[in-house]
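One line per chain: the protein sequences are A and B, in this order. The working numbering applies: residue 1 is where the first sequence begins, and numbers increase by one. The working numbering applies: residue 1 is where the second sequence begins, and numbers increase by one.
One thing to keep in mind: the hints can contain errors.
[As the list claims (entries may be wrong)] Looking from chain B toward chain A, a few residues come up when the C-beta cut is under 7 Å (computed):
no.	residue
1	P2
2	V43
3	S55
4	K57
5	F61
6	E102
7	F105
8	E107
[Said to hold, decoys possible] Pulled from the structure, derived: some chain A residues nowhere near chain B, Cβ distances all over 10 Å:
no.	residue
9	E17
10	F35
11	S42
12	G62
13	T78
14	A88
15	I104
16	S107
17	P115
Just so you know, these hints were derived from the structure itself, not from any lab. Here a beta-carbon is modelled for each residue, glycine too, at the ideal position from N, C-alpha and C.
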Amino acid sequence: AQKVTQAQTEISVVEKEDVTLDCVYETRDTTYYLFWYKQPPSGELVFLIRRNSFDEQNEISGRYSWNFQKSTSSFNFTITASQVVDSAVYFCALSRMDSSYKLIFGSGTRLLVRP
Amino acid sequence: EPEVTQTPSHQVTQMGQEVILRCVPISNHLYFYWYRQILGQKVEFLVSFYNNEISEKSEIFDDQFSVERPDGSNFTLKIRSTKLEDSAMYFCASRIGPNTGELFFGEGSRLTVL
Numbered sequence: 001a002q003k004v005t006q007a008q009t010e011i012s013v014v015e016k017e018d019v020t021l022d023c024v025y026e027t028r029d030t031t032y033y034l035f036w037y038k039q040p041p042s043g044e045l046v047f048l049i050r051r052n053s054f055d056e057q058n059e060i061s062g063r064y065s066w067n068f069q070k071s072t073s074s075f076n077f078t079i080t081a082s083q084v085v086d087s088a089v090y091f092c093a094l095s096r097m098d099s100s101y102k103l104i105f106g107s108g109t110r111l112l113v114r115p
Numbered sequence: 001e002p003e004v005t006q007t008p009s010h011q012v013t014q015m016g017q018e019v020i021l022r023c024v025p026i027s028n029h030l031y032f033y034w035y036r037q038i039l040g041q042k043v044e045f046l047v048s049f050y051n052n053e054i055s056e057k058s059e060i061f062d063d064q065f066s067v068e069r070p071d072g073s074n075f076t077l078k079i080r081s082t083k084l085e086d087s088a089m090y091f092c093a094s095r096i097g098p099n100t101g102e103l104f105f106g107e108g109s110r111l112t113v114l
């Protein structure tokens, strides 16, 4: 069975602080995808990243970076120099690498960035 | 930028009524999905649809739910007889092909069952 755990239900930081959102996953599949989505207060789901299980390189995109570690089944997300606009719920998700693309979401981490 | 559009953005209905949520996926996409998010909870997979048939469905997607693509552009989710616990945000999503591209989500349709 597949499972995604986001143990941090809510994080509050002051603007310009760095913050890391944790994601731990479980799967018996040897190949899979991992995702992060952002859900701002307006409610839509905004795609941030997709990683393949065979690509463990960390990725950086502007103030965002992702640390994928297969050894610990973790796919953590760091926001550097956080901004108020980063306030949102962030979801980590997992899917099999097959045609179904059924995403299994974690319960989300609510990030509040205070000015 | 192409996007997935959903209507209505919010629907209020009485328990037992039928509801149809509509989605227009991105035009060249072939795979379509419905997900559900009960307020304050995680996003849950309902159903995937390809080549005019259901590819996979979750245990949530019981006989009260159905999907169809009646005219080649709209992708609809029907709930035959709504229950209070069907109150949620329903997200439509689409992607271009198997194992390719990101999954594009619509902005969601909020369903409130009274």
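Each hint tested on the structure:
{"no.": "1", "hint": "P2", "verdict": "13 Å, violated"}
{"no.": "2", "hint": "V43", "verdict": "4 Å, holds"}
{"no.": "3", "hint": "S55", "verdict": "6 Å, holds"}
{"no.": "4", "hint": "K57", "verdict": "10 Å, violated"}
{"no.": "5", "hint": "F61", "verdict": "12 Å, violated"}
{"no.": "6", "hint": "E102", "verdict": "5 Å, holds"}
{"no.": "7", "hint": "F105", "verdict": "4 Å, holds"}
{"no.": "8", "hint": "E107", "verdict": "4 Å, holds"}
{"no.": "9", "hint": "E17", "verdict": "25 Å, holds"}
{"no.": "10", "hint": "F35", "verdict": "8 Å, violated"}
{"no.": "11", "hint": "S42", "verdict": "8 Å, violated"}
{"no.": "12", "hint": "G62", "verdict": "18 Å, holds"}
{"no.": "13", "hint": "T78", "verdict": "21 Å, holds"}
{"no.": "14", "hint": "A88", "verdict": "14 Å, holds"}
{"no.": "15", "hint": "I104", "verdict": "7 Å, violated"}
{"no.": "16", "hint": "S107", "verdict": "5 Å, violated"}
{"no.": "17", "hint": "P115", "verdict": "25 Å, holds"}
Violated hints for the displayed structure, listed by number in ascending order: 1, 4, 5, 10, 11, 15, 16.
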